[in-house]
Amino acid sequence: MATAPEARQWDRNGNEAVIEVRDLVKIFQGRKVLDGVNLKVYRGETVTIMGGSGCGKTTLLRCIVGAYKPEAGGSSLFGNDIAKITPDELSELRKRIGVVFQTGALFQSMTVGENIALLLREHTELDDAIIDIIVKMKLEMVGLRDAYGLMPAQLSGGMSKRVGIARAISLDPDIVFYDEPTTGLDPIMAGVMNQLIMGLADNMRVTSVVVTHDMNSAFKVSDRLIMLHEGKVVADGTADEIRLTRDPIVRQFVDGLPDGPIPLRRSRVPYIEDILG
Amino acid sequence: MALKINAREVGSAAVVDVTGEVDMHNSPELRKVLKRLVGAKKPLIVVNMSGLDYIDSSGLATLVECLQGTMKNGTKFSIFGLNPRIKNIFTLARLEQVFRICESESEAVGAAPGGKSEG
Numbered sequence: 000m001a002t003a004p005e006a007r008q009w010d011r012n013g014n015e016a017v018i019e020v021r022d023l024v025k026i027f028q029g030r031k032v033l034d035g036v037n038l039k040v041y042r043g044e045t046v047t048i049m050g051g052s053g054c055g056k057t058t059l060l061r062c063i064v065g066a067y068k069p070e071a072g073g074s075s076l077f078g079n080d081i082a083k084i085t086p087d088e089l090s091e092l093r094k095r096i097g098v099v100f101q102t103g104a105l106f107q108s109m110t111v112g113e114n115i116a117l118l119l120r121e122h123t124e125l126d127d128a129i130i131d132i133i134v135k136m137k138l139e140m141v142g143l144r145d146a147y148g149l150m151p152a153q154l155s156g157g158m159s160k161r162v163g164i165a166r167a168i169s170l171d172p173d174i175v176f177y178d179e180p181t182t183g184l185d186p187i188m189a190g191v192m193n194q195l196i197m198g199l200a201d202n203m204r205v206t207s208v209v210v211t212h213d214m215n216s217a218f219k220v221s222d223r224l225i226m227l228h229e230g231k232v233v234a235d236g237t238a239d240e241i242r243l244t245r246d247p248i249v250r251q252f253v254d255g256l257p258d259g260p261i262p263l264r265r266s267r268v269p270y271i272e273d274i275l276g
Numbered sequence: 000m001a002l003k004i005n006a007r008e009v010g011s012a013a014v015v016d017v018t019g020e021v022d023m024h025n026s027p028e029l030r031k032v033l034k035r036l037v038g039a040k041k042p043l044i045v046v047n048m049s050g051l052d053y054i055d056s057s058g059l060a061t062l063v064e065c066l067q068g069t070m071k072n073g074t075k076f077s078i079f080g081l082n083p084r085i086k087n088i089f090t091l092a093r094l095e096q097v098f099r100i101c102e103s104e105s106e107a108v109g110a111a112p113g114g115k116s117e118g
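Line by line, the protein sequences are chains A and B. All the letters of the first sequence, read from the start, carry residue numbers 0 to 276 under numbering that gives the first Met the number 0. All the letters of the second sequence, read from the start, carry residue numbers 0 to 118 under numbering that gives the first Met the number 0.
Simulated from the structure, these hints should not be mistaken for laboratory data. Some hints could be false.
Unchecked claim - Think about it this way: if two alpha-carbon atoms lie no more than 30 angstroms apart in a straight line, the pair counts; the simulated DSBU-like pairs of lysine-lysine are:
id: 1; chain 1: B; residue 1: K86; chain 2: A; residue 2: K135
id: 2; chain 1: B; residue 1: K3; chain 2: B; residue 2: K31
id: 3; chain 1: B; residue 1: K86; chain 2: A; residue 2: K219
Said to hold, decoys possible - Facing chain B, a subset of chain A residues (Cβ under 10 angstroms, in silico):
id: 4; residue: I81
id: 5; residue: I84
id: 6; residue: P86
id: 7; residue: E121
id: 8; residue: H122
id: 9; residue: E124
id: 10; residue: D131
id: 11; residue: I133
id: 12; residue: M140
id: 13; residue: S169
id: 14; residue: L170
id: 15; residue: L195
id: 16; residue: N202
id: 17; residue: M203
id: 18; residue: R204
id: 19; residue: N215
Unchecked claim - Taking beta-carbon pairs under 8 angstroms as the criterion, some of the chain B residues facing chain A (in silico):
id: 20; residue: V15
id: 21; residue: G19
id: 22; residue: D55
id: 23; residue: S57
We treat Cβ as the ideally placed atom computed from N, Cα and C, and that holds for glycine.
Please model the entire structure based on the sequences and the hints provided.
Dropping the structure here:
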């Protein structure tokens, strides 16, 4: 199993690297959340980033899309260094990516249909009639066509997440970032989401980066899995390689073991010191 | 690959050959052609997709809009020549149940009044 990406721009099938992260360091309040992360994602791949809560998965995702500025290192999308492009160029680049936020992040004053139509209205010249059909198609793809006229406040958490997915894929992006796409969904709807992620990759040329704790989903949808631990990439391999690895850190996470090299994320102050004053 | 559109008449049917890729930038070109045929109340509009490499959501929506137009007119609309990948795109958008999808041009054109068979 490789522990660091190779210095290549294409995978063995000739697909180019559409995402590249180089020696990325991100610090929050003196804590190195990301500590020299390197990775590449190739066109058409579905890559899952896994790791314990607070290990920096979401931070990594935000650095990749330019929402956070790293302290060192950087990232490129489609060969464009995020730190070196103008805000207008970044905005142009963002039309080619879709981001599914953990909570759905919908605009509360708009209907579900309006939320999904928003990016299409902002970034395309398409007629309203065409946009309306696209909105209905996207809602059908996430199993929520009946929610077209509802307000976000009328949706459950799982429904909001699915609307967020419909919105993220409204422009048929080249890359979709999914932040915990199946968390909070019932098993059937989680299966629908897995199928959608795989279908978009197989048929719509979509490159997917999935941040998740859900190992069932990760093994099902991923071409490759990357594990973050203490801000570093500690594993990078195919589903089979990760499933069979003897690396104790990966094993503990994949098997969901309470004891192992990954400490329980409790207070950094020793318990005895804290409770006895 | 650039989009090419060619409309021709086969009996009373209008057959539209679509070649290349349909995306958000060029789908209005396809829409213009299809809207013209719907406006002309052609008894049957057939879209030949055998030369199509890719179609995005705006392209699919354009076909749906054309289907809506023919239904309002009481005329017919069929598509044929979907390669497996294009067929999968229809399935992903759950549209395989919406359209009359034919295997060949003769089958598709056969649905025209006066054609080989009524579809």
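Status of each hint after checking the structure:
A C-alpha spacing of about 19 angstroms is found between B/K86 and A/K135, which places the hinted pair at or below 30 angstroms, so the restraint holds. Distance restraint check for B/K3 and B/K31: the Cα-Cα separation of roughly 13 angstroms lies within the 30 angstroms cut-off, and the hinted pair is therefore satisfied. Distance check on the hinted pair: B/K86 and A/K219 sit about 23 angstroms apart at the alpha-carbon level, within 30 angstroms; holds. A cut of 10 angstroms between beta carbons decides the hint on A/I81: the least distance to chain B is about 24 angstroms, and the hint is violated.
Annotation: interface hint on A/I84 violated; nearest CB of chain B at approximately 22 angstroms, more than 10 angstroms. Hint status for A/P86: violated, given a least beta-carbon distance of 23 angstroms to chain B, over 10 angstroms. Given hint, A/E121 at the interface with chain B, is violated; its Cβ is 12 angstroms from that chain's nearest Cβ, farther than 10 angstroms. Using the Cβ-Cβ criterion of 10 angstroms, the hint placing A/H122 at the interface with chain B is satisfied: the shortest such distance is roughly 8 angstroms.
Because the beta carbon of A/E124 sits about 7 angstroms from the nearest beta carbon in chain B, less than 10 angstroms, this interface hint is met. The restraint placing A/D131 at the interface with chain B holds, with a minimum CB-CB distance near 8 angstroms, inside the 10 angstroms limit. This hint holds: A/I133 has a C-beta 5 angstroms from the nearest C-beta of chain B, less than the 10 angstroms allowed. Taking 10 angstroms as the C-beta contact cut-off toward chain B, the hint placing A/M140 at the interface holds, the least distance being around 6 angstroms.
Checking A/S169 against chain B: minimum C-beta separation of about 8 angstroms stays under 10 angstroms; hint holds. At its closest, the beta carbon of A/L170 sits 7 angstroms from a beta carbon of chain B; the interface hint therefore holds under the 10 angstroms criterion. Taking 10 angstroms as the C-beta cut-off, the interface hint given for A/L195 holds, the closest approach to chain B being about 8 angstroms. The closest approach between the C-beta of A/N202 and any C-beta of chain B is roughly 4 angstroms, which is under the 10 angstroms cut-off, so the hint is satisfied.
Proximity of A/M203 to chain B holds as hinted, the smallest CB-CB distance being about 7 angstroms (cut-off 10 angstroms). At a threshold of 10 angstroms, the smallest CB-CB gap from A/R204 to chain B is about 8 angstroms, leaving the interface hint in force. Hint on A/N215 is violated. Least Cβ distance to chain B is approximately 22 angstroms, over the 10 angstroms limit. With a cut of 8 angstroms, the hint placing B/V15 at the interface with chain A is violated, because the nearest CB-to-CB distance is about 17 angstroms.
Among the interface hints, the one on B/G19 is violated; its C-beta lies about 15 angstroms from the nearest C-beta in chain A, farther than the 8 angstroms criterion. Interface hint status for B/D55: upheld, as the beta-carbon distance to the closest one in chain A is roughly 4 angstroms, under 8 angstroms. Checking B/S57 against chain A: minimum C-beta separation of about 6 angstroms stays under 8 angstroms; hint holds.
When held up to the earlier numbered hints, the structure conflicts with 4, 5, 6, 7, 19, 20 and 21 and fits the remainder.
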